[in-house]
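Peer 1: Sequence:
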Amino acid sequence: MKTFLALAALVAATTLAFAQNYPSRPVHFISPYAPGGGTDIMARTLAQKLSEATGQQFIVENRPGGGGIVGTEAAAKSLPDGYTILLGSKGPMTVNPALYKKLPYNTLRDFQPLALVAKVPAGRAGSAHCR
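If you number the sequence shown the way the numbering used here does, the last residue is 131 and the count never jumps.
Just so you know, these hints were derived from the structure itself, not from any lab. What you are looking at is a predicted structure, and each value in this text was computed from that prediction instead of being measured. Every residue, glycine too, gets a C-beta built ideally from N, C-alpha and C. You may find that some hints are simply not true.
[Claimed, not checked] Below are the EDC-like pairs computed for lysine to aspartate or glutamate, each with C-alpha atoms no more than 16 Å apart in a straight line:
| hint | residue 1 | residue 2 |
| --- | --- | --- |
| 1 | K77 | D40 |
| 2 | K90 | D40 |
| 3 | K119 | D40 |
| 4 | K77 | E61 |
[Unchecked claim] What follows is a list of derived Cβ distance ranges for each label pair:
| hint | residue 1 | residue 2 | range |
| --- | --- | --- | --- |
| 5 | R25 | H129 | 15 to 23 Å |
| 6 | S78 | G126 | 36 to 44 Å |
| 7 | L79 | E52 | 40 to 48 Å |
| 8 | V70 | Q112 | 16 to 24 Å |
| 9 | S127 | Q48 | 41 to 49 Å |
| 10 | E61 | K101 | 26 to 34 Å |
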């Protein structure tokens with residue numbers, strides 16, 4: 001009986017999810033970096049493809065400043081309705097919380113991961129004379 005109720009609840013929840021027509025209005029992507037960089041190019045490519053797939057407009061907003069803090073704060077303060085999406089990266093999401101005692105956002109509290117869009121390798125190098 002418990003299994004049947006759980007299955008019925010799952011079917012009902014899935015049906016409700018399909019009843020929503022998302023997106024029903026333009027979606028804003030916030031890129032916390034200046035135009036022309038890797039995050040901006042990724043945002044514009046993703047916006048174009050999603051616009052083509054859904055028939056809805058996806059708008060890229062560049063909000064550079066403070067190592068990604070300005071744009072990330074704007075996304076954190078937006079309504080949690082799925083129509084403002086941060087194209088986050090390791091800087092604002094993981095590095096800044098380790099560097100700054102006080103940020104205008106909390107990575108764990110203010111954001112919900114949606115999808116992995118890209119994997120970007122990060123390398124470190126130093127002088128051969130350093131020990």
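Peer 1: Hints first: check each against the structure and report whether it holds.
Peer 2: Hints, one by one, checked against the model:
no. : hint                   : result
1   : K77 / D40              : 21 Å, violated
2   : K90 / D40              : 15 Å, holds
3   : K119 / D40             : 15 Å, holds
4   : K77 / E61              : 15 Å, holds
5   : R25 / H129: 15 to 23 Å : 58 Å, violated
6   : S78 / G126: 36 to 44 Å : 40 Å, holds
7   : L79 / E52: 40 to 48 Å  : 26 Å, violated
8   : V70 / Q112: 16 to 24 Å : 21 Å, holds
9   : S127 / Q48: 41 to 49 Å : 42 Å, holds
10  : E61 / K101: 26 to 34 Å : 28 Å, holds
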